[in-house]
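Peer 1: For the record, the sequence lines run as chains A and B.
Read in this note's numbering, the first sequence has 296 at position 296, and its numbers run on one by one without any break.
Read in this note's numbering, the second sequence has 71 at position 71, and its numbers run on one by one without any break.
Rather than coming from a laboratory, the hints here were simulated on the basis of the structure.
Hints are not guaranteed to be accurate.
[Said to hold, decoys possible] The calculated label-pair distances, taken between Cβ atoms and stated as ranges, are:
1. A:126 to B:224: 21 to 29 Å
2. A:324 to B:67: 55 to 63 Å
3. A:66 to B:265: 38 to 46 Å
4. A:316 to B:54: 17 to 25 Å
5. B:21 to A:241: 39 to 47 Å
6. B:124 to A:116: 42 to 50 Å
7. B:19 to A:316: 22 to 30 Å
8. A:72 to B:54: 54 to 62 Å
9. A:312 to B:265: 26 to 34 Å
10. B:265 to A:90: 37 to 45 Å
11. A:193 to B:266: 28 to 36 Å
12. A:86 to B:265: 25 to 33 Å
13. B:24 to A:10: 38 to 46 Å
14. A:14 to B:124: 50 to 58 Å
Everything numeric in this text was worked out from a predicted model, so none of it was measured.
Every residue gets a Cβ at the ideal spot worked out from N, C-alpha and C, and that includes glycine.
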Amino acid sequence: MLNFLFRKLLMIVPTFLGVTIITFALVHMIPGDPVAIMAGERGLSPERHAQMMAQLGLDRPLWQQYLDFLWRLMHGDLGQSLVTHNAILSEFMSRFPATLELSVCALIFAIGLGIPLGVIAGIKRGSIIDHGVMGTALTGYSMPIFWWGLLLIILFSGILGWTPVSGRLSSSFWIDTPTHFMLIDTLLSDAPGAFMDAVRHLILPAVCLGTIPLAVIARMTRSSILEVLGEDYIRTARAKGLAPWRIIAVHALRNAMIPVTTVIGLQIGLLFAGAILTETIFSWPGIGKWLIDSVSRRDYPALQGGILLIATMVMIVNLVVDLLYGLINPRIRHQAE
Amino acid sequence: MTQANAQTSPDNPTTSEIPPAPHPLREVWNDFCENRAALAGLIIIALIIVLALLAGVIAPHTPVEQFREHVLQPPFWQAGGSLSFPLGTDDVGRDVLSRILYGARLSMMIGVIVVTLSLVIGVLLGLIAGYVRGWVDTTIMRLMDIMLSIPSLLLAVVVVAVLGPGLFNAMLAIAIVYLPHYVRLTRGSVITERNRDYVVASRLAGAGPLRLMFVVILPNCLAPLIVQATLSFSNAVLDAAALGFLGLGAQPPTPEWGSMLANARQYVLDAWWVVTFPGLAILITVLAFNIMGDGLRDALDPRLKR
Chain A
1 MLNFLFRKLL MIVPTFLGVT IITFALVHMI PGDPVAIMAG ERGLSPERHA
51 QMMAQLGLDR PLWQQYLDFL WRLMHGDLGQ SLVTHNAILS EFMSRFPATL
101 ELSVCALIFA IGLGIPLGVI AGIKRGSIID HGVMGTALTG YSMPIFWWGL
151 LLIILFSGIL GWTPVSGRLS SSFWIDTPTH FMLIDTLLSD APGAFMDAVR
201 HLILPAVCLG TIPLAVIARM TRSSILEVLG EDYIRTARAK GLAPWRIIAV
251 HALRNAMIPV TTVIGLQIGL LFAGAILTET IFSWPGIGKW LIDSVSRRDY
301 PALQGGILLI ATMVMIVNLV VDLLYGLINP RIRHQAE
Chain B
1 MTQANAQTSP DNPTTSEIPP APHPLREVWN DFCENRAALA GLIIIALIIV
51 LALLAGVIAP HTPVEQFREH VLQPPFWQAG GSLSFPLGTD DVGRDVLSRI
101 LYGARLSMMI GVIVVTLSLV IGVLLGLIAG YVRGWVDTTI MRLMDIMLSI
151 PSLLLAVVVV AVLGPGLFNA MLAIAIVYLP HYVRLTRGSV ITERNRDYVV
201 ASRLAGAGPL RLMFVVILPN CLAPLIVQAT LSFSNAVLDA AALGFLGLGA
251 QPPTPEWGSM LANARQYVLD AWWVVTFPGL AILITVLAFN IMGDGLRDAL
301 DPRLKR
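For reference, chain A alone in the conformation it holds in the complex (with noise of 0.2 Å):
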C-alpha cells in the first residue's frame, strides 16, 4: 500500500509542474502586459513604462520569471491582484469557504437522492419507475444549469416568493463571520431567523448546482447495482433465503458503491466548473464569480492563482479518490504494482 501511495504521489508532481507551465504561459500569452493594464486609460510615458516593468521583473528573460514564479509559489506567494493590490491567496481564501459550502451542499442534495433513485431504479429494472428515473436523469444531465437556475428563480423566487433571488445572507443581519461558513456563523450568532435566512439564500443554487451530478451519480448506481444483481454471491444471498432488503443493502449496496464512489470523487473538478455559473446566476460571493470577474477585470494575476489553486485541488481530489479506491478494492492496488 505504501509502495501504491508512493508511487501516486509521485506521478503528481509533474502533473503539478505542467500546471504551473501552462498557467504561467497563458498569462504570459495575454496580448498586453500588466503594467499597461494597471495604467488603465491614462496611460504611461515610455520611460515611466520600462521603469516599472523592471521594478516588477517583468524585463528578465522567460525562464528566469518562471523560475521566480515557481521560487514564490513554494513559498505561498501567488503575488497580488493588479485590481484591489491583494495578495491573491487572501482574496482566493475569503472566497473559498463560501463557494466550498455550496458545494458540499450541492454534494448532499445530490448523493441524497441520486443514490436512492438510482437503487430504485436498478431495482426495479423496467418498470416506469426506472423508465422515469432515468428520463429525469438524462434530462437533468442535459440541463443548461445556466438556464435551470433561471428557471427555478422564476419559480421559487418569483411565482412562490419562497427564496430570494441572490447573496448568501439578508442585509437586515449583521453578523460575525469567524469561519466564514454562512450556516455555521448564523448558528454560532445570536440573531433570530438568520440561520433559516442563510439556508433560504443557500437553497437554490446548491439545488442548481447539484442537478448535473444528481444525475451522474443516479445513472451510475443504477448500472452498478444491476451490474452487481447479477453476481453469484447475490444468487448465494437469495438462496440463503435472506430478507431482500437485506440483500439490497447488506450485500449488493456495498460492492456497488465502489464506482459510484469514483464517480462522485470525480464530479469535484465538475462542481468548480458548475460554480462559476452558478454563482454568476445567484451573485455568490465564491470562487467561480471571483475568477469571472477577474477575467472582465483583466486581472490575470489573480486568474491565474484561482485556476492553480483549483487545478491543485481537483488533483488531490483525484489522488484521495485513487487511494481510497485502492483501499477498497484490492485488486486494483495489485493491478498496478
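Guided by the hints, dock chain B onto chain A, whose structure is given.
Peer 2: Showing chain B alone in chain A's frame:
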C-alpha cells in the same frame, strides 16, 4: 453479404438454415432502431437541422430587426401578445422565435466545427501516442493529464481570456478542452489493436507505418469515437452557450442561445418568455444528442449486445 456467407459456411455446415448475416452497418442500424428513444432523438436532430437550414424561410422576421413599439411583448397566447411575434419579443423588440431559429444554425455550426477540430487533432495525437509509444506517448499523455486536471469550463474560460471573447475563439477553446477525451480513447484502442494478427500480417506484407496507422488500425477504433463525437456535440452546444452566457462567447447582437439568456437575465422576473424559450432550445438539442449517443453506444458496443 455474399462474401460473409462464403467465409462462414465452410466451418459451419448448418449455415444453410440460418439467414445470411446482415452487413455490419445494417446490423448497427437495426439495433439502433430497436431503441425507440434513440430513434426519437435522431428524428428531433433531423428536425432541428431542417429548421436551422430553413430559418431564412420560416422565421417571421430577421434575428436583428428591432421593433421599438413592441418591446418585451409576451407570447401570442398571453394578453398583449400577437401572432406576428409568436414567442414574444425581447428588451429591444426583437422577435424571440426568429432569434431562436437563427440560433439553431449557430449551434449546429458550433457543434460541427468543435467536434471536427477536436476529433481530427485528438485522433491524430492518440494514433501517434498509441502507435509510437515511448517518450512521445508519455509526453502526449502527460500533457492530456494536465489539461484534465483543470475543470473543462474553467480551462475554456482561461483560453478565451487569452484569445479574447468571441464566438470563434470560444469554439477554439472548447475544441482544445475536449482533446484529451479523444486522445485517450484513440490511444487505448490503438494499443489493443496494434498487436492483433491482422495488423502484424499487414506489417509483414510490407505496409508502412502511415498505412498501418490510418488504413489498418484506425477503422477498427472508430466505434467508441463515433459515440464520443455524438456526446461531445451536445457538450459543445452546451459549453458554447455557457460561454455566451458568461459574456465570453458570441457577442450581441448575434442570436446565439447562451448570449440571448445572458441578455435576458435582468428580465428574469418580468418577462419569463425571454428566458424560457432560448434555454428550452438548448435543452431539447442537447437532450436529443445525448439520447442518440446513448443509443449509438448500445448499438455499437458488442459487449452490451444481447
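Peer 1: Where does the structure disagree with the numbered hints, that is, which hint numbers, in rising order?
Peer 2: The structure conflicts with hints 4, 7, 10 and 14, although it agrees with all the remaining ones.
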